[in-house]
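Enquirer: Since each chain sits alone in its own frame, please combine them into the complex, following the hints.
The primary structure of each chain is shown beneath.
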Amino acid sequence: MSSEKPVLYTYWRSSCSWRVRIALQIAGIEAEHRPVHLVKAEQTSQPYSELNPLQQVPSMVINGETLTQSMAIMEYISELKPDCNLLPASPLDKAKVRMICEIINSGTQPLQNLSVLKKFSDKQEERADWAKYWITKGFVALEKALKNTAGEYCYGNKLTLADCCLVPQVYNAVRYYVDMSEFPLISKINQTLEKIPQFKAAHPSNQIDCPE
Amino acid sequence: MSSESDTPRPILYSYFRSSCSWRVRIALALKGIEYELRPVNLLKREHKGDEFIQMNPQGFVPYFVHGHVRLSQSLAILEYIEEAFPSPVRLLPSAPDKRALVRSLAHIIALDIQPLQNLRVLQKVGDERKVEWARDFITEGFQALEKGLEKAHGRYCVGDVATLVDVCLAPQLYAARRFGVDMSKFPTICKMEEVYKTEEPFIRAAFDRQPDTPEDLRAT
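Each protein sequence line maps, in turn, to chains A and B.
For the first sequence, the tail end lands on 218 under this note's numbering, and the numbers increase by one without skipping.
For the second sequence, the tail end lands on 251 under this note's numbering, and the numbers increase by one without skipping.
What the hints contain is simulated information worked out from the structure, not anything from laboratory work.
Be aware that a few hints might be false.
Computed list of lysine to aspartate or glutamate pairs in EDC-like fashion (alpha-carbon distance at most 20 Å, straight line) [claimed, not checked]: (1) A:Lys11 <-> B:Asp191; (2) B:Lys129 <-> A:Asp99; (3) B:Lys79 <-> A:Glu38; (4) B:Lys155 <-> A:Glu132; (5) A:Lys143 <-> A:Glu131; (6) B:Lys222 <-> B:Asp191; (7) B:Lys155 <-> A:Glu131; (8) B:Lys178 <-> A:Glu56; (9) B:Lys216 <-> A:Glu132; (10) A:Lys206 <-> A:Glu158; (11) B:Lys129 <-> A:Glu85; (12) A:Lys150 <-> A:Asp99; (13) B:Lys228 <-> B:Glu177; (14) A:Lys124 <-> B:Glu224.
Chain B on its own, in the form it takes in the complex (with noise of 0.2 Å):
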């Protein structure tokens, strides 16, 4: 991995809300990646637009520059960075079993929560639906996760290091704030979200302090 030093540094394409983009951050940060980071702005179809698509065919948000390395897809991005960026910080136990649970915790974020309330979903699913329906199906995700953490949490979601299960838990819990999941069902979670204040890794990589971040959403 010594070619890593040799290129330039990452470039990420990101959207300050995506949560997807969000994940991305919050792995770049907690391993003391310096990236450049280019706004695209989803709300006004950016990614849509001639340039992106040039770049980008598929079009999404987050996409990873990295010398000849372009990638989409958060989880393929974030499983990337773990295998191009080994050290000093794992954000992946080394274990195959642990690190399936991991995954698994992980997925059950990435693959079962997100994909069904995310912007272009809520769009089709109608103004007048759709925070129900967001609410109902982060709700249903968090009750198995939260089984989940309460077995294998400590100071994070599995153990006492952050794992790509904080990774995409952080940007989750926004979207569970902003869709009024009653969250006094789900204390381990609750105790994660607290942690993920106080971290500076997860504060940096917050959507109120992007530099596409509106200001009447930017952290004070």
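Only chain A is shown next, with the shape it has when bound in the complex (with noise of 0.2 Å):
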């Protein structure tokens, strides 16, 4: 790897964001943060939409390329770093990770994007419950799946990506009231996540653009 410091451009509250914090945590690597304030639409600026023209976050800089799309970069990430098990070595036991990942990176997590809930209502309302319904929705797959590939964390008993996407969606899941009742294994893992102190570095009220 070069001797430059990676870049992660990210954003305290995005999961996607927080997947890659949390990756490039059990990988061991250290990147700078460089906070990109949606709220405030920074994400639409001329600079930033060069380095990420979906104007997104995450990007990150690192080896001299800029990489968007957090599971593009978290794959990176495990290849650059295979003793991590971030995706381990088999092709069916990363493809069942990858499976993992995928229920809540494609079915789940891009419906509740703050891009699609303003799309969808203008009322804070509507939106809440547009979002606690695909949410349970993709949490009723994910749980099955957890069923026969879960031990200590989502994958047997080492940390994978499917950790990574796992816990920011179980954050948005609290947000908006999904009934966590109905998903046991999904609250057992996350519980026993939360407490891993690359976890608690990644999470959003420990990150420098959290709000006082």
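Expert: Below you can see the structure in the form of structure tokens.
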């Protein structure tokens, strides 16, 4: 890896930024965090749009390359540091971890993203109902999937990208009043993960741009 | 990977017009992998039927079976196929930074566009709004994708061989046309569309040539 520290463009509460923050922590890669204030629309600024034309966070500058899309960034991190087991070694194990990630990052999170909520309705209550609906649906699928894969964590007893995706999604679920008693396995894994130092370090409340 | 040749051929549970099933069909065609296609009719809710759910509790298509391997979620399936059948055709470059580029462009489609305009979402959005909804999200995603492709493309989206980006883009183009996206703003994407029309794996995998394609939509 080049001697320059990687730069992560991140928003404290963005699920996708949060996933990457956790992955970097687990991989032991120190990155400089540069906050992008989503509510102030800093992501639409000219310099940032050049970096990330979809005007989203996260983006990461690492080894002279600019990477976008949280899952692509996490796959890159796991290839840089294969020993950290963010993705297991065998193709089938990898596929199962990716499957869990995808239930979250395709089937759940996009549907409750801020831009989608804004498009759906002007009314906060309707937005919240929509978010709750889709997160609940996603969690029904996730709970089923985890029954076959979980040990202490989402996939057996080692931390993987699946755990990086899970924690931010549970935070959003709670935020939108999803009934977590319906998802005992997700809840149990989340509780375990929250206590881990790398997860604590990546938590929104510990970010430099977290409001007081 | 020699065990792969001893394993029976893969089975793909697919719906003719499901973008996610379509991606897997393209990948299998590009890699020259013979497989058995088993149609699942989403409109008739066969994916929620007892038989399918017993095998695949998630009830999703595509569902990929290969020996002891059972997978859902198209990107997970695609990455598995890439690793389990690495030759002769690769859908991801070997350099990590190029792989990240291919994945990031593919994910614009697979994670930022398609989930927002798939069948179940449009059903929830409602008939009155669904066309505008789909059109707007596809347009927004294509704006970003076009910028990425301008820099990266050769004959295909990234360089001169088909990658995961093309695998994801071809089905997305069908949805774009279906929902009336103004494609004049996306010249590079349109170039790719023209390529897919001429390439046999893309033609073979398309929605209009599947065993479950309705007669009125079947290619002539």
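Enquirer: Between Lys216 (chain B) and Glu132 (chain A), does the CA-CA distance stay at or below 20 Å?
Expert: This hinted pair is violated, its Cα atoms lying about 33 Å apart.
Enquirer: Hint check: Lys11 (chain A) vs Asp191 (chain B), CA-CA at most 20 Å. Holds or violated?
Expert: Roughly 33 Å separates the two Cα atoms, so the pair is violated.
Enquirer: Need the status of pair Lys124 (chain A), Glu224 (chain B): alpha-carbon distance at most 20 Å?
Expert: Roughly 31 Å between the alpha carbons, so the hint for Lys124 (chain A) and Glu224 (chain B) is violated.
Enquirer: Between Lys155 (chain B) and Glu131 (chain A), is the straight-line Cα distance small enough, at 20 Å or below?
Expert: holds (16 Å)
Enquirer: Is the straight-line distance between the alpha-carbon of Lys222 (chain B) and that of Asp191 (chain B) 20 Å or less?
Expert: With Cα atoms ~13 Å apart, Lys222 (chain B) and Asp191 (chain B) stay inside 20 Å; holds.
Enquirer: Is it true that the CA of Lys129 (chain B) sits at most 20 Å from the CA of Glu85 (chain A)?
Expert: The hint holds at about 12 Å.
Enquirer: Is Lys206 (chain A) close enough to Glu158 (chain A), meaning Cα to Cα at most 20 Å?
Expert: holds (17 Å)
Enquirer: If you draw a straight line from the CA of Lys178 (chain B) to the CA of Glu56 (chain A), is it 20 Å or shorter?
Expert: holds (10 Å)
Enquirer: Sort out whether Asp99 (chain A) lies within 20 Å of Lys129 (chain B), counting only the CA atoms.
Expert: violated (23 Å)
Enquirer: Check the hint pairing Lys79 (chain B) with Glu38 (chain A) against an upper bound of 20 Å on the C-alpha distance.
Expert: violated (47 Å)
Enquirer: Sort out whether Asp99 (chain A) lies within 20 Å of Lys150 (chain A), counting only the CA atoms.
Expert: The hint holds at about 17 Å.
Enquirer: Given the hint that Lys143 (chain A) pairs with Glu131 (chain A), does the C-alpha gap stay at or below 20 Å?
Expert: Roughly 18 Å between the alpha carbons, so the hint for Lys143 (chain A) and Glu131 (chain A) holds.
In this structure, the earlier hints numbered 1, 2, 3, 9, 14 are contradicted, and the remaining ones agree with it.
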